[in-house]
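Enquirer: Sequence:
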Amino acid sequence: MENLITVWEWIRGGLVFMAVLTVLVFVHELGHYWVARLCGMHVEAFAVMMGGVRKTKLDEYLEKPLPPTYPLWLTALGAVALVYVGSFERQAWALYLGMAVLGVLIPVAIGSRLATLYHLSRSYWLGTFGKSYGGAVVIILIAMGGRPTLLGLLSILMAASLVALLILYYFPVSQKAEDAPFGMGSLQLGDGRTVPVRFRPVWHVTNKQGTEFSLLLLPLGGFAKMRGMHPKADGSEVHIEGGFYNRPPWQRLLVLFAGPLFSILFGIALMASHYAIAGAPTATTKVQESAPLTPAYVAGIRTGDQIISVNGQPITKGVDFLRAVRFSYDITESARTPKPVDVVWQRGEERFSASITPVITDAPIYVVDETQINLRRKYVARVGIRFETLNQPLAWNDAISRSVAEPFRMVNNLGAMATNVDTMRENLGGMTGVAAVSRDVANTGFWPVVLLAGLISISLGIMNLLPVPPMDGGQMVIAFVEMLRGGKRLSLGLQNAVTNFGMVFILIIAVLGLTLDIGRITGNSGGRSGLGTSIPIAPRDGEPAKNLSAKEFSDLIRKQEESKAKEG
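Sequential numbering of the sequence shown, starting at -17, is according to our numbering.
Read the hints as simulated data drawn from the structure, not as lab findings.
These numbers come from a predicted model, not from an experiment.
Keep in mind that a hint or two might mislead.
BS3-like mimics (lysine-lysine), calculated; alpha carbons at most 27 Å apart, straight line [claimed, not checked]:
#1 K360 to K299
#2 K113 to K158
#3 K268 to K321
#4 K158 to K46
#5 K158 to K214
#6 K214 to K37
#7 K299 to K268
#8 K37 to K207
#9 K214 to K39
#10 K39 to K158
#11 K190 to K37
#12 K360 to K321
#13 K299 to K321
#14 K207 to K190
#15 K470 to K207
#16 K158 to K207
With the sequences and hints as input, model every part of the structure.
Expert: As structure tokens, then:
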């Protein structure tokens, strides 16, 4: 029963994630569409999701009819029954056998039918499954430290089967001519004939301007297809009336920028709505944690204490304390010297006071809090306190300010990931990780989903601004260079080389994110645990201040306890 509940939670989380992603992609592509129209470009298609349903009947091109499908359906139902029995009766063999049939045997049988229908060679369609399974096994071996569980292996093989089936199902699209209409593909038969194959949306409508708005089959994205978006070797794309490359580079840059901008603004709007209506975590003045060996702990502050004032100024929120302490240092040409802060706190009926000397971060960081943004990276002084938080609705101006700060925080994290391997391992993730978060959030109500959607939307906008083709940011770089060249197009060879490099880069990041996601889900991430952030440690006399990771901090505490035990 527990296994079925877990499966249902994953399904529900997946559905929530797909619904959220569909809305966010719609908003992103809407930005491209509107600005393209304003710039005089003709948008041929505006689609939410990807793929389509094959409408062309191909049975007439077969030498003999395909076998009936009822044996596949009966086998699938039997496999579902095995999974059901395995979950309720705790029979592991039934669960694993059912998953193997559903995840491997049935997909391979369907792949065989598609190969016959499309006149594909056995080596091609079996090779497609083999490559998909091989990549999946490599990923899970890396993610699980070379010790995969049978359940984890079967789960990843089921996902690999789905990928292989999608590749086979849409094989005709990969054979289409470059200028073929949207949704058209083709098949080459053994006798030399070419058969057109048409894939159509689940739903579609065409407006007076000739733009087809459609809902496709697979919740994997969407697009706004402008006329003449494919560069030609002879440069003729610039002469297509109403085409993308027919417009000046600065207009193309605006069209490309509009999608990420809409994503970021929509994400800010969602987060602000959540903070103003459902509430936001707001730090109180009650100490949730005063880590040992930090300046606050050394001064006598303990968990549960209430901070009253800093440097004679009363505080009502935790952020007031942070603002009073964070820049409490003097700067000289050779060093940054922390300045003591006078802190008053209360424990029960007693009040205490002390002059506390903070420590300074090893590297500058972006200063972002609930109500203000500092665009400059700065060194920050800390004393090692974490405050309790309460969920309280914010005033709309505070909610907007806090939401506007989120893109800058994400950019800061992105920079930290690019310069620190440990930070990248702890924070980098992919669709699997987002789906896992969606599973958890789906159980908590509507507003947490809205907050998650806002975070994903902002992340989608920022990631699309990366200067790497085929991301919008990469295409923006090309448009900007052409603008500097007076509108002169870059060579097709150079564009293709840059795009291919970008595709490889994106693929590597995607695989790395998937690997880390699987490792986290299975508990083999290899990342740090515990607090997950560096802890400022009070310096000894003559020693520089330093930050310790959670693991290093735990090791230090363990060694000190061992030392005390020996002395005792």
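Enquirer: All hints are to be evaluated individually against the structure, with a verdict given for each.
Expert: Hint by hint, here is what the structure shows:
no. : hint         : verdict
1   : K360 to K299 : 22 Å, holds
2   : K113 to K158 : 23 Å, holds
3   : K268 to K321 : 23 Å, holds
4   : K158 to K46  : 26 Å, holds
5   : K158 to K214 : 16 Å, holds
6   : K214 to K37  : 30 Å, violated
7   : K299 to K268 : 9 Å, holds
8   : K37 to K207  : 21 Å, holds
9   : K214 to K39  : 33 Å, violated
10  : K39 to K158  : 17 Å, holds
11  : K190 to K37  : 25 Å, holds
12  : K360 to K321 : 16 Å, holds
13  : K299 to K321 : 22 Å, holds
14  : K207 to K190 : 16 Å, holds
15  : K470 to K207 : 23 Å, holds
16  : K158 to K207 : 17 Å, holds
Figure legend: structure checked against the earlier numbered hints; hints not met, in rising order: 6, 9.
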